[in-house]
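Chemist: Read off the chains here:
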Amino acid sequence: MPHPPRSTRPEPDDLKEKAIESIRFIRGTMERAGSFTAVPGWGGVAMGVVALIGGWIASRAPNPHAWMRDWLASAAVAFIFGCLGIAWKSLRVETPLIRGPALRFLLTLAAPLAAGAVLTVTLARTGRYDLLPGVWLLLYGTAVATGGASSVRIVPILGVCLMLLGVVALAAPASWGNPLLMLGFGVLQIGFGLTIARRHGG
Amino acid sequence: MADRSRAARSGQSKSPLPAGRRGPAKLPDLDRLIHERIRLGIVSALAANEPLSFADLKRLLEATDGNLSVHARKLEEAGYIACVKRFEGRVPRTEFRLTRMGRDALTRYLSHLDALVRWARKGS
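Sequences listed follow chains B and R, in order. Each residue of the first sequence is one higher than the last, beginning at 1 in this note's numbering. Each residue of the second sequence is one higher than the last, beginning at 1 in this note's numbering.
The hints are simulated quantities; they were obtained by calculation from the structure and are not laboratory data. All values derive from a computational prediction rather than experimental measurement. C-beta: ideal position from N, C-alpha, C; glycine also. Treat the hints with care, since some could be wrong.
[Claimed, not checked] If you anchor each label on the Cβ, the simulated ranges turn out as follows:
hint, chain 1, residue 1, chain 2, residue 2, range
1, B, T146, R, T94, 47 to 55 Å
2, B, A66, R, R100, 51 to 59 Å
3, R, M101, B, E17, 28 to 36 Å
4, R, E62, B, R125, 41 to 49 Å
Please build the complete structure, drawing on both the sequences and the hints.
Modeler: Listed below in structure tokens is the structure:
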């Protein structure tokens with residue numbers, strides 16, 4: 001049985017689907033491009049400065065437990081600065097904080113950081129404070145590398161650099177731990193933070 | 001610019017809608033310059049974040065060098081985006097920004113899509 005000739009003119013439903021698909025494409029592209037800016041450059045600089053001060057204070061700690069406590073306090077302060085940096089940047093580029101790329105970046109950071117928290121407790125209980133710098137750098141580096149995977153190239157590069165420092169810290173003598181932490185969390189974060197701030201909108 | 005006048009001409013002569021379903025109001029014509037996928041991607045990305053480098057756009061849109069370069073040039077010629085070439089040390093860096101004209105074009109394009117969807121909902 002012969003089929004009736006098909007009309008080449010688009011139907012309203014086809015047009016609607018195409019228009020909706022285009023709107024989805026625009027939204028998706030804007031979200032992915034927005035994730036470029038979710039990583040806070042100035043927030044990173046502030047976190048780096050906190051790490052340098054915290055590292056200097058920790059280097060004067062009387063025992064390994066106090067040293068760990070000083071670093072954890074610095075991490076808490078740095079975390080607040082990091083969140084404020086993300087919030088400020090989200091507001092500045094008018095991207096939603098609670099469902100946009102900023103949230104995705106934070107959620108991706110969360111898993112390796114949670115693993116780091118568990119390992120910190122375990123290593124502290126067994127007295128293996130010497131392993132903490134390597135573990136912290138390695139897991140924070142992993143968090144930054146994965147969280148920044150869809151971001152500008154500089155973010156995963158920072159993550160990989162931190163991971164490499166973590167490997168060095170695990171292989172190096174325990175006395176290198178504090179300087180390596182200051183190098184990674186302080187100097188590297190400040191350097192990369194300044195570059196992100198200058199090139200990618202703050 | 002040639003593209004835009006061609007787009008306007010073709011837009012006037014060829015409505016995408018069937019004659020019997022055009023409805024009472026005439027639907028706006030889509031800006032064909034940014035209707036193309038890569039060009040729409042460039043404009044959308046720059047609307048969310050600027051400046052973006054050539055390498056950033058290439059990665060974001062998963063486009064080849066040649067493809068991205070051709071489409072970026074068309075947008076630049078139309079005045080929708082601005083391109084700045086500079087050196088960082090010895091490394092050349094090409095950065096793109098969205099112009100006011102480009103931002104307006106994207107806003108107009110989105111309104112047209114919205115109108116199209118609303119029209120189709122009424123028609124179907």
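Chemist: All hints, please: hold or fail.
Modeler: Now the hints, each set against the structure:
The hinted window of 47 to 55 Å between B:T146 and R:T94 is violated, with their beta carbons roughly 28 Å apart. Distance hint for B:A66 and R:R100: a CB-CB separation of about 57 Å, consistent with the stated range 51 to 59 Å. Our hint of 28 to 36 Å for R:M101 and B:E17 holds, since their Cβ atoms are close to 29 Å apart. Range check, R:E62 to B:R125: about 47 Å between beta-carbon atoms, so the 41 to 49 Å window is met.
Hint compliance for this structure: hint 1 alone is broken.
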